[in-house]
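Trainee: From first to last, the protein sequence lines are chains A and B.
Numbering-wise, the first sequence is residues 983 to 1310 according to this note's numbering.
Numbering-wise, the second sequence is residues 30 to 349 according to this note's numbering.
It should be emphasised that the hints constitute simulated quantities derived from the structure, not laboratory data.
All C-beta atoms, glycine included, are put in the ideal place defined by N, C-alpha and C.
Treat the hints with care, since some could be wrong.
[Claimed, not checked] Straight-line Cα separation of at most 20 Å, PhoX-like style, residue types lysine-lysine; simulated pairs:
hint	chain 1	residue 1	chain 2	residue 2
1	A	1186	A	1092
2	B	284	A	1092
3	B	36	A	1092
4	B	320	B	109
5	B	34	B	63
6	A	1304	A	1186
[What the hints assert, rightly or not] To spell it out: a stretch of chain B is covered by chain A in this simulated footprint if at least three of its residues, at any positions, have a beta carbon under 8 Å from a beta carbon of chain A; those stretches are:
hint	region
7	197 to 209
8	335 to 348
[Unchecked claim] Restraint ranges, calculated between C-beta atoms of paired labels, are given here:
hint	chain 1	residue 1	chain 2	residue 2	range
9	A	1181	B	341	26 to 36 Å
10	A	1281	B	283	29 to 39 Å
11	A	1001	B	258	48 to 58 Å
12	B	88	A	1001	42 to 52 Å
13	A	1031	B	257	18 to 28 Å
14	A	1125	B	88	46 to 56 Å
15	A	1035	B	311	50 to 60 Å
16	A	1072	B	88	47 to 57 Å
17	B	226	A	1035	54 to 64 Å
18	B	257	A	1250	46 to 56 Å
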Amino acid sequence: MPQLTMGQALNQALREEMTRDDTIFIAGEGVGVSIHDNPMLPTAGLLKDFGPRRVRDTPVSEAAIAGLAVGAAEAGLKPVVEIMFNPFFTLASDMIVNHAAKLRYLSGGKSTFPLVVRIKSGAGFGAGCQHSHNLEAWAAHCPGLKVVMPATAADAKGLLKSAIRDPNPVIFFEDMMLYFAPGPVPEGEHLVPIGPADIKRPGKDVTVVTWSRMLGVAFQAAEQLATEGIEVEIVDLRTLAPLDKAAILASVRKTGRLVVLHEATRTGGFAGEVAAVVMEEAFERLKAPLRRVTGPDIPVPASPPLERFYIPDAGQVVTAVKDLVSFG
Amino acid sequence: MTVPKGKLLEMLHFLLLSRRFEEALTELCQIEGKIPGMMILCTGQEAVGAGVVAALRPEDVIITNHRSHAHLLAKGADPKALMAEIYGKRTGCNKGKSGTLHLALPEIGAPCTSTVVGAGPPIAVGRAFAQQYRNEPAVTVCFTGDGASDEGSFHEALNLASLWRLPAIFVCENNLYAGAQRLEEHTRVENIADRAAGYGMPGVVVDGNDAPALYTATLDARARAAAGDGPTLIECKTYRWRGHGESDPQLYQPKEEIAAWRALCPVARLRDAMRAQGLISAEELSAMETKVNALVREAIRFAEESPYPEPLEALEDLYA
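The following block holds chain B by itself, in its conformation from the complex:
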């Protein structure tokens, strides 16, 4: 199918924004004391967030994981609120309680980033159940990595979602590595999508660096979910350019492998295709890049100028 130009422009914007946002994080976390805690990035995998979320509606819900930045930005997260939270500032989207790993934005339909691998799918089951229970015309998308498909909770959740024909889409971002383990070191299945047969749901393999292809596959899955026909497992074949986290020296990832996948950059791929097809002019592209750079610069300025929470604020927000 032909992807509308507006959608392509939207995807390109979020690809550029996610890339720039994380390039900035890579630089910032080299500076001692600037950003607390771990830094886990999705650089090289941005097409999954941009492509999948472009197929969703505002009322749809996403449940994400530790590699969440592209998903959240594409869903409409304010870069300032995200950056301030990553800095641990009071003005962050979660007042400094979550940090980069647990970003929660219920106001945009992204209520949960869980860093417990495999924990997203059961929660997505609950979120999709609520949509079904109330007859809402909305779906829930759950992003996991390939490692999550080895967790028992993943199997329980996909089985139940399929059994109850819940309006859910399980998006498995197969970036070839679960921690330091390459895919063939953690599972015998060639495709994570092959597991879908075991739950009685369709499994689809998509080029995870092809944002328009991901958009199209998600549209199909969304239509199926919204029609009451149940969930789909979409496997996105992609690659983790950086380590598990920024402190990971990546000794187990062959340099040639990283280089080969860098050549398949999802940002350049859509940008160059749109330029070649005349869907965006050099001037328009430059304007988009300028805008994205400004958004990230502004987010950093906002985070740096924001105050830290007072220590006693640690005691707030536990109980309703």
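Chain A with its partners taken away, still in its complex shape:
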């Protein structure tokens, strides 16, 4: 199977879908001509190959970009728009939260909004908190949206293709640090359904539920713990909304122990939702309290040692897992 970075895999998904369906167009700041000219980026080369009718560079106008998607989707086009950095989601949020998510419901089911908002997400490149802020829990808190956050190149391709074909608004968070991470990616028609989680590593002792870039941190921890005889099961949610409760519950019922790992800050983070699901539906199977490993409740700081402190690491996961195992 070919090895591609996540950025290349996303690019392949966009190319394949745009070739298949002329109603798909992409728009955003620098989706054509970019200040970040890099062949590893998802929209690289699309302007050259698909032309300015379908690859639309926009002014710095996030509300208009998101409104463009909402209006065009209602008319039957399939917009794939890009928000350059996750914190700028706030500038587009009225269109996403009050319109993309609600207008179908308000129409009594008459209208559909088949749009994708790709949001470049995550910390780790030293830009600080107005370029790095993981807001996936905000999106998942809005009924009417689907929320996707892939961790591998293959899932990124398959999920983006599914998102483009979905008749609902899909918020697609792409961790920028993963753009350059290679992995095997199936060629051609590779679809990953929106919804199901994926057991990325089976294990019998502790369940780690995670998504996006933290999957790699979970693997580092699991490998270290395996040398000490502790087998971690890693559940990659891939999709936060709809949430695959069955996969989480099945794993926790098997291991009896749960760690939820995400890069986003702790209070009000999506780990709380995962924890609540387990407490409501599998409390009797827990052998220990659950643990959250998350970013601390601070904005993402810029200085390298501060940013490293912010981003959860394998050591924290190892400590949390051992806590639970030693609990009984």
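Knowing the structure of chain A, use the given hints to seat chain B on it.
Mentor: Just chain B now, kept in the frame of chain A:
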């Protein structure tokens, strides 16, 4: 230009219908428990809906706002489906999900009523973009109030629409008040249309109580939009006879000001002009009024006799 008699009759019909429809709402929302939620009316501003929409074609699209009744009726909304939705009934155009504030009628080219002030223009950009993308011979009209022109989204959308020469028309219904703030309390510009220069598009000021003038201005803007020359901002100078909503005691609107604008009633203005010019006889006018009254009466009867949705229907229609 001379406005065809058929168009004048059409405008008069929708002026009378909108007025009667909202007079009925004013009465109904005094009755405890009859109509849920807020009641926001366009009484006194009906010429904008009637005049602008008369210049459109069936395939054209409108995006409207919280003061939407005249726009939607002129676009061809069924008064029964509107009234039932306003009552919160299952037979309403949106099965009770939208109420009076978010009426959505994609089947007549009115897919979105947004009550988030300033949210209409970005959505209109998307709707007009789709028309351009598919080479459709259609345009999108976005109705906003004067208050919306203070929102950032308004500027983003008009800039982008102009940049891409989208087939859009932005109709700003300047009724002198944004909430409780008079125009000069919320902006330094004398005319909202003056802002058009900042987007590189024409800005036109029209008497917002003169339906034929609005029809003519919209025809011009429509021709420009459909020819690929881009959007126009049309400012309609009018006045909000009632409060922001029906619970607003209007303490900030001088009584003499309201009285002066009531004397400029857009419904009476077209009706009297057509009578004076012999374009409609007393009998024809009476027949039109009778028809309009019957439409509203029937809409109320339909809404009252319709069932409410079952509570669990709240869970339907979220995802496709």
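Trainee: Work down the list of hints and note, for each, if the structure agrees.
Mentor: Evaluated hints:
no.	hint	result
1	A:1186 - A:1092	violated, 47 Å
2	B:284 - A:1092	violated, 43 Å
3	B:36 - A:1092	violated, 31 Å
4	B:320 - B:109	holds, 14 Å
5	B:34 - B:63	violated, 39 Å
6	A:1304 - A:1186	holds, 14 Å
7	197 to 209	violated (count 0)
8	335 to 348	holds (count 4)
9	A:1181 - B:341: 26 to 36 Å	holds, 34 Å
10	A:1281 - B:283: 29 to 39 Å	violated, 49 Å
11	A:1001 - B:258: 48 to 58 Å	violated, 33 Å
12	B:88 - A:1001: 42 to 52 Å	violated, 29 Å
13	A:1031 - B:257: 18 to 28 Å	holds, 26 Å
14	A:1125 - B:88: 46 to 56 Å	violated, 33 Å
15	A:1035 - B:311: 50 to 60 Å	holds, 56 Å
16	A:1072 - B:88: 47 to 57 Å	violated, 36 Å
17	B:226 - A:1035: 54 to 64 Å	violated, 29 Å
18	B:257 - A:1250: 46 to 56 Å	holds, 48 Å
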